[in-house]
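Build out the structure end to end from the sequences listed, making use of the hints.
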Amino acid sequence: MTQDDKLQILKDILLKDEHEYALSLEQKLKDLEAVINQQPNLSKKINPIIDDKLLEFVEEIPETLGPTITETLKAEIKNSQDAVVEALYPIMGKMIKKYVQKEIQLLSEAINNKMNNTFSFESLKRRFRAKRSGVSEGDIILQDHFKPTIEQIMVIEQGSGIVTSEYSKTQNIDQDTVAGMLTAIKSFAEDAFQAETQNLEYIEYENYHIHLQNFSNYYIAVVISGAFTATFRNKLEDKLLDFAQNVINKTDLENSSILATKLKAQFEHEII
Amino acid sequence: MKLSKKVVLIGHFGVGKSSLIRRFVENTFTEDYKVTIGVHILKKDIQIPETNKDVTLVIWDLEGNDDITNTRPSYLIGTHGFIYVFDLTRPNTYKNLEFDLNYIKERYPNLPVKVIGNKKDLVTNEFIKENKEIFKQYVDLYTSAKTGKNVEEVFNQLAKSLV
Ligand SMILES: Nc1nc2c(ncn2[C@@H]2O[C@H](COP(=O)(O)OP(=O)(O)OP(=O)(O)O)[C@@H](O)[C@H]2O)c(=O)[nH]1
Ligand SMILES: [Mg+2]
Numbered sequence: 180m181t182q183d184d185k186l187q188i189l190k191d192i193l194l195k196d197e198h199e200y201a202l203s204l205e206q207k208l209k210d211l212e213a214v215i216n217q218q219p220n221l222s223k224k225i226n227p228i229i230d231d232k233l234l235e236f237v238e239e240i241p242e243t244l245g246p247t248i249t250e251t252l253k254a255e256i257k258n259s260q261d262a263v264v265e266a267l268y269p270i271m272g273k274m275i276k277k278y279v280q281k282e283i284q285l286l287s288e289a290i291n292n293k294m295n296n297t298f299s300f301e302s303l304k305r306r307f308r309a310k311r312s313g314v315s316e317g318d319i320i321l322q323d324h325f326k327p328t329i330e331q332i333m334v335i336e337q338g339s340g341i342v343t344s345e346y347s348k349t350q351n352i353d354q355d356t357v358a359g360m361l362t363a364i365k366s367f368a369e370d371a372f373q374a375e376t377q378n379l380e381y382i383e384y385e386n387y388h389i390h391l392q393n394f395s396n397y398y399i400a401v402v403i404s405g406a407f408t409a410t411f412r413n414k415l416e417d418k419l420l421d422f423a424q425n426v427i428n429k430t431d432l433e434n435s436s437i438l439a440t441k442l443k444a445q446f447e448h449e450i451i
Numbered sequence: 057m058k059l060s061k062k063v064v065l066i067g068h069f070g071v072g073k074s075s076l077i078r079r080f081v082e083n084t085f086t087e088d089y090k091v092t093i094g095v096h097i098l099k100k101d102i103q104i105p106e107t108n109k110d111v112t113l114v115i116w117d118l119e120g121n122d123d124i125t126n127t128r129p130s131y132l133i134g135t136h137g138f139i140y141v142f143d144l145t146r147p148n149t150y151k152n153l154e155f156d157l158n159y160i161k162e163r164y165p166n167l168p169v170k171v172i173g174n175k176k177d178l179v180t181n182e183f184i185k186e187n188k189e190i191f192k193q194y195v196d197l198y199t200s201a202k203t204g205k206n207v208e209e210v211f212n213q214l215a216k217s218l219v
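From first to last, the protein sequence lines stand for chains A and B. The first sequence begins at 180 in the working numbering and counts up by one. The second sequence begins at 57 in the working numbering and counts up by one.
Calculated directly from the structure, the hints in this document are not laboratory data. Heads up, some of the hints might be wrong.
Each pair of labels, with its calculated beta carbon distance range [to be verified]:
1) B/Ile93 / A/Lys418: 34 to 40 Å
2) B/Val219 / A/Ser436: 16 to 22 Å
3) B/Glu209 / A/Lys429: 35 to 41 Å
4) A/Glu383 / B/Glu189: 51 to 57 Å
5) B/Leu167 / A/Thr430: 24 to 30 Å
Not close to chain B: a few residues of chain A, all C-beta gaps over 12 Å, as computed [stated by the list, open to error]:
6) Met180
7) Thr181
8) Leu211
9) Glu235
10) Asp261
11) Ala262
12) Glu330
13) Thr349
14) Ile364
15) Glu380
16) Lys418
17) Ala423
18) Lys443
Each residue gets a CB set at the ideal place from its N, CA and C atoms; glycine is no exception.
Put into structure tokens, the structure is as follows:
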């Protein structure tokens, strides 16, 4: 055995463990590098942890952030009450209307039942026509009289009665004084019945029917000639609520000419 | 774009609110007294002197009320300017001037209020001088719906402060 061999054996004895250890460390490092440097591998490791944390966070949100969010919302709503009311008005109107409509439908069905049980030659004729056209008998009686027509439509500021905008078929009604009078009558009626939440919705004047659709900062007055039937009124209300919700925006209320154009576009051909 | 303003005339019974408006809008006058019931609404398009701006005054002629606190609040909502009228010949119509004006100012701060002593044709300049203490502090103009004196001025001045 040479000196060298001996030395080698000694080396082996002293360093073999270390060497293997170093090799295994090197391998581990390589593995780790593979994990860290390659996105998919890293994701596989980390995602579950993040998911867990995220889940925890989401579960805790109501407790940690909830009060802050609620406060912020509350303050925001309070600061922009007008805007909120303006936005909710048409929607609320529709909801209430749906409810009332349903009630009325029930009532109307009850009446129709009664009518079905009565019998006359006239009603037989009417019933025949109603069947053919699909329109209710009662409405046919009225439509026979005369068709409803929108003569004028005005968007009027609540309180002051100032006309924000208007559209009329014929320019023979003085909008400013009419709108003022309507507003005064409305204020009077609402005062007299001491019902702040109740609005005057209908006025008859000579041969005209005036339908008033209330919103928070303004109301829309529609002057109608002809027969103001429930069907017509219903459709008109829907159209006005839609108009307020989808067509009118805040800038329109400050610009009478833009609003006038929109009014004309929507209500000129009153095929309601 | 058209500019419209709501102007409200307020004051005791029979002080000449309707007469002032009739003089301003139609340039007429009548001695007959027709009490206003509720409210009457008239309008006049005017051009403001100097600035040449067009404005429509929608004028609310309220029924007279000896107690301003009985005025229907809903008639006053959205008002842009007030004309407070009293009758120079009837002390009853101006004895509560301060209270009445405060009542308006409290509820409608920042709104212009023109205070006018009407029926000037029935009193002398001496009378006004004698009562200077009462009037000077509050009154903007002395008017006569009968002769038309200062009527246009009242509305023009108010309109000017509105635009
Ligand atoms: N001499 C004179 N009479 C006037 C004047 N203004 C009004 N009158 C008269 O006073 C009376 C009342 O006038 P109105 O204009 O009706 O008074 P008002 O304030 O509208 O009265 P109410 O509506 O009841 O509150 C009428 O007889 C008028 O002719 C004026 O400047 N001079
Ligand atoms: Mg009067």
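Taking the hints in turn, this is what the structure says about them:
no.: 1; hint: B/Ile93 / A/Lys418: 34 to 40 Å; verdict: 36 Å, holds
no.: 2; hint: B/Val219 / A/Ser436: 16 to 22 Å; verdict: 18 Å, holds
no.: 3; hint: B/Glu209 / A/Lys429: 35 to 41 Å; verdict: 37 Å, holds
no.: 4; hint: A/Glu383 / B/Glu189: 51 to 57 Å; verdict: 54 Å, holds
no.: 5; hint: B/Leu167 / A/Thr430: 24 to 30 Å; verdict: 26 Å, holds
no.: 6; hint: Met180; verdict: 115 Å, holds
no.: 7; hint: Thr181; verdict: 113 Å, holds
no.: 8; hint: Leu211; verdict: 73 Å, holds
no.: 9; hint: Glu235; verdict: 55 Å, holds
no.: 10; hint: Asp261; verdict: 14 Å, holds
no.: 11; hint: Ala262; verdict: 19 Å, holds
no.: 12; hint: Glu330; verdict: 20 Å, holds
no.: 13; hint: Thr349; verdict: 19 Å, holds
no.: 14; hint: Ile364; verdict: 9 Å, violated
no.: 15; hint: Glu380; verdict: 16 Å, holds
no.: 16; hint: Lys418; verdict: 26 Å, holds
no.: 17; hint: Ala423; verdict: 19 Å, holds
no.: 18; hint: Lys443; verdict: 16 Å, holds
Violated hint for the displayed structure: number 14, the only one.
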